[in-house]
Amino acid sequence: MAQTVPHDTHPAHAGHDEHAAKPQRSFFGLVQRPQEGCHPIIDWLTTVDHKKIGIMYGLAALFFLLVGGVEALIIRLQLMVPENNLISAQAYNEMFTMHGTTMVFLAVMPMSAAFFNYMIPLQIGARDVAFPRMNAFSLWTFIVGGIILNLSWIFTAAPNAGWFGYAPLTSKLYTPGLSTDFWVMSLQILGVASLVASFNFITTIINMRAPGLSMMKLPVFTWMSLITAFLIIMAFPAITIALVEVMFDRHFGTHFFDATSGGKPILWQHLFWIFGHPEVYILILPAMGIISEILPTFARKPLFGYPLIIFSGSVIGFLGFTVWSHHMFTTGLGVVASTAFSFLTMLIAIPTGVKIFNWIGTLWGGRIRFTVPMLYALGFVWMFMMGGFTGVMHSSVPVDSQQQDSYFVIAHFHYVLIGGSLFALFAGIVYWFPKMTGRMMSEVWGKVTFYIMFAGFNIAFFPMHFLGMMGMPRRTHTYKAVMGWNEGNFLSTIGALILGLGIAIFVIHLIWAISKGKKAGANPWDARTLEWATESPPAPYNFETIPVIKVRDQVWANKYGTKSEKMGALPAGSHGIHMPDRSWYPLTANIGFFILGMGLIFHGHAVKLFGFEMHLQGFDAWIIPIVGAAILFLSIILWACEGPGGYHLHPEKRAEDKH
Amino acid sequence: MALKSYKAIRWVLPILATLALLFLAGCDYTSKQSALDPKGPLAQNQYDLFMLTVYITGILWVLVGGALIYTVIRFRARKTDDPNTLPHQSHGHAMIEVGLILVSTVVLVILAIPTFKGIKLIHEMPAKYEKDAVIVNVTGLQWWWRFEYPELGIETANELIIPAGRAVQLNLRSDDVIHSFWLPKLSGKMDLIPGQQNKLWILADEPGYFYGQCAEFCGDSHAYMLFRSIAMNAADYEAWVARQKAGALVPFNKEKPAKIDLTSLNNLEVINKGRDLFNTHCSRCHRVGEEGGVAAPNLSHIAGRSTIAAGWMENTPENLHRWILTPDAVKPGNNMWNGMPLGKLADGTADRSGMPGLRTANLTSEQVDAIVAYLQLLK
Amino acid sequence: MSHAHATEAPTNDPFHNELHPGEDTATGIPNKKVAMWAFLASDCMFFGTLISTHLIYRKLHPTVVDPKEIFSIELTSASTFILLMSSLLMALAVSAMHKKNVVSARWCLAGVIFFGSLFVGAQCYEFHHFVHAKELTLTSSIFGSTFYVLTGTHGVHVTLGIVWLIGWFIKTFSKSFKPEHALDIEVAGLYWHFVDIVWIIIFPFVYLIEYI
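These protein sequence lines map, in sequence, to chains A, B and C.
Quick note on our numbering: the first sequence kicks off at 762 and runs consecutively.
Quick note on our numbering: the second sequence kicks off at 1018 and runs consecutively.
Quick note on our numbering: the third sequence kicks off at 17 and runs consecutively.
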């Protein structure tokens, strides 16, 4: 390794500095490859900067959070009173299917991805991720997946078989229209986005760490992201294959899940939950990472038991692959399998408990400042603990046989996904907002929002524990007044409305703070990890010189540590900082992906939209997918041929320009 | 703005706690379908285990939650803190960690042992119940339940009649998508999955009227897939079995003369018409006595059931009228309206041409009145 | 973590890494290689899922089909051998690149492409034969469903590998092709070997198992 390559022998380096080479041209020379100073819209569409990509992930995730939230409120309003007729049974089924799919794949995961993108390179002292253009590709693929899923509304074919899509309900026999095809295709595309992003982050975290930043000095958020990325690459193949099998069943008449021809519908559940359970940790581990950053910062103490936090995170990730069948305790697994999966599930309580103990240990003896991120973080610990307790309850098969598919389970996983993931992500937004925008969010409005959300959330979901135990099943659009569920449902709906109000205020506050918030310095919270060593917002190249890391919590050590703990720096290069060029191809590849996806959805169906009708048959049905695949393929070839390109930035000059 | 967080906590948390307590007190834990009101040994076992988990997690909740609250209050930043010193920068304590891990493990073992016993209990009916157990084959269909008593040759729908004090062995199957059998007061769930047979046993200690429901999402009208279970004392049960075995009290059948007193009926003409309409439009799927199809609920004793439309409506003439006249408004997507999917078309979608539904029958309100009058006789 | 930093080298610059692979990563392993290993780990799960589906399903066909009647084990053994030989040539191509012998690498790549195409050709013939002569189709039985989807997915992997290698084969004629591209050939080689290994698993678990 580390051979010295003489500089400026490479063609892309030649004529460096002011006399940059003539800009490359894209699409066989038709269009110029976007350069520094291009139109902002083109800049954002073609950017390969991890920070801009992170912001776009975040904004899209917030948008989809609101979409999923509106769906949730419609669900709650329908259930507010017994035998309500606000929406039909079919519409209700679409609502909860879309709510689940949207929140998992389009809100929580991408919001985590937003922080992965923005924070990981900053936390490890890198200039960007390992593959910047691939990163842009992941972003656009995620957006295409989100668009396709929600286009189903326009075709009045919103998916309605549940976010879990249990076979054989997804077969053409039971959902004949486009709805399941929309669901399958968008999940496939979102899977590609997650997989590609994960390859990228694994490489980035393993390979792009600044000198001296050993794995056991990594910030915990980066560690949890690494584990999450591994979970994604190991878990997503199972659902991808399962979805391929559903697709083949629907389009080509195979018999994977067709019981009359020997298929086993139960196989779908196994494959889905082999993905689905790790997915739960994919949603919560980044949240735990964020909390593990925020608690030490505002307790002004290092994280208690750092190695154990890392280790327990890894154990959770590993055990996550061994417990999938606890989602299937009522499918007749038999004594042996039920017992095994039950005990393995109980085991997960141990590393999870370790995390909670260590968080309390971090606070112990600290000097706790109740800033907004800290309130969210404390709220997270409290509600995640409650969700954990109910989780222990249904690790016991006999107890679970009463709770499975009831409102008790809904209460449980909303405690860990809203009280857990979402509160942590909101904590992360408030915490890192000054880093991303250079401005602070308002403390007062932040606190008001937090209390509204905290109260609304608990009023909405605490009663559901009782509804579940009192026999109210999930996914039912209505219930009889005599069942004794009226008060609980009414209260829950009121709580949901309060929670919705809180989130609405949060989003308005966020938009306000982008332009009107108080100016923030590089490290407004007196935080500990490396991202706070950059200016707010960071320069395109992140660090003027590559930092040399001496200790964990390097920024804290820079301020309070001994002299030998202070951060070093590698000498700057002679020709400025090399930045990769923007590229059109990640975007155009995804335009191809979009066309391919829509073509495959339409395949074999009569499609109606605004009075137009189209029913392609035989070879014609393949024209749209082939066109899409061709655009995708061509874009990738051109992308490979184009190379990273590049230009140079000069930090000294930027500083001068500013003054 | 003097909105100090801890001051706000003083209000938000007690209000929430009071609300929670009020709610706890206000709940009716013996409501119709409550798992907190067990009426049989299996449900009792599950309830006891649930309460064990409640106690365990309740204690942990007080301990861990209390520790969290105590820590947050005690170590909050104060104005009197010396700004020039930092809190002790401790990194962890191995023995505390190991100790807590061991304690968690012990707690889990306390839960694991009764869990294992409970799993055995679900899967294997205790020997003492076996000898006089009743066998019932349960089939889930979109969106109703078929109950067959193979030893007795009885078939009924949506109302599971069982003898109190005797165990019932349920063989659970599905003919279309996945459903789940949930009768909370007698037992937890067990799924009905096409292509496999699951087993569950239930036992009602006392006679009673129990509410059950499909607990696995099964399509449009999943929320309307309810059922009832009626546990009868021995005499009532025997009488019920005898009535079922006697077959349908079919009036106007030439080979089998009516077993009921027709002279008391004052609307013979209407009933006659209703019988004809039933035979034209309904009997390809619905069976009455020896005649009719098997794709839909057996109606031999429909008038004897307490509910119709899979437990969604009380069995009254008005409800029956509404159900037959506008099935799609009662239960969206149902096969009585759309036709039975007996086969697959070339593109994999359902072929309903073999048994068209009432959608194409265009029954008038008077015709439905006649059918209702006829069905009212099938006690 | 050893960090023998060449002075003046702009470290941790992704762009720099793309130009000078493996020179200065935290592990010393080039980024592309790490990403490829991650991809292969993931791909293991793809094939793992498909192979398990097949093993669970292969005996569940209601209409009795005896796969022994359908399979032509001689043909499949021959094509397995061909694929293995392509792996050998792939290894030779990588080795040649490391020795900066572009011409030798080019013709080894051509060999890989040729053998790979032979394999895909044999599979196409096999599919055609099964469908038309043996009446095993995607829809005829659950065995057909899993067999075609599994082996078809593998075939798509081989085909994509061939397309990728054709790209590099053409590139070897270009002036911009340098011995530094050894890494790219090596990464493509990793993929190719992986696809071969998957076939080595599919061959016994799908074909030979029917003869036990």
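The hints are simulated quantities; they were obtained by calculation from the structure and are not laboratory data.
C-beta atoms are modelled at their ideal positions from N, C-alpha and C, and glycine is treated no differently.
Check the hints yourself; a few may be wrong.
Claimed, not checked - One side only, chain A facing chain B, incomplete, derived with CB under 7 angstroms: (1) D804; (2) P929; (3) P937; (4) G1066; (5) W1125; (6) M1154; (7) V1158; (8) S1162; (9) F1227; (10) M1231; (11) K1320.
Claimed, not checked - Cβ pair distances, simulated, as ranges: (12) C/G44 to B/L1080: 43 to 53 angstroms; (13) A/K1327 to B/V1071: 32 to 42 angstroms; (14) C/T169 to A/F1251: 30 to 40 angstroms; (15) A/F1251 to B/L1080: 25 to 35 angstroms; (16) B/S1382 to A/F1380: 47 to 57 angstroms; (17) C/Y141 to A/F1380: 21 to 31 angstroms; (18) B/L1080 to A/V1205: 27 to 37 angstroms.
Status of the hints after comparison with the structure:
no. : hint                                   : result
1   : D804                                   : violated, 39 angstroms
2   : P929                                   : holds, 6 angstroms
3   : P937                                   : holds, 4 angstroms
4   : G1066                                  : holds, 4 angstroms
5   : W1125                                  : holds, 5 angstroms
6   : M1154                                  : holds, 4 angstroms
7   : V1158                                  : holds, 5 angstroms
8   : S1162                                  : holds, 3 angstroms
9   : F1227                                  : holds, 5 angstroms
10  : M1231                                  : holds, 4 angstroms
11  : K1320                                  : violated, 10 angstroms
12  : C/G44 to B/L1080: 43 to 53 angstroms   : holds, 48 angstroms
13  : A/K1327 to B/V1071: 32 to 42 angstroms : violated, 53 angstroms
14  : C/T169 to A/F1251: 30 to 40 angstroms  : violated, 51 angstroms
15  : A/F1251 to B/L1080: 25 to 35 angstroms : holds, 33 angstroms
16  : B/S1382 to A/F1380: 47 to 57 angstroms : holds, 52 angstroms
17  : C/Y141 to A/F1380: 21 to 31 angstroms  : holds, 23 angstroms
18  : B/L1080 to A/V1205: 27 to 37 angstroms : holds, 34 angstroms
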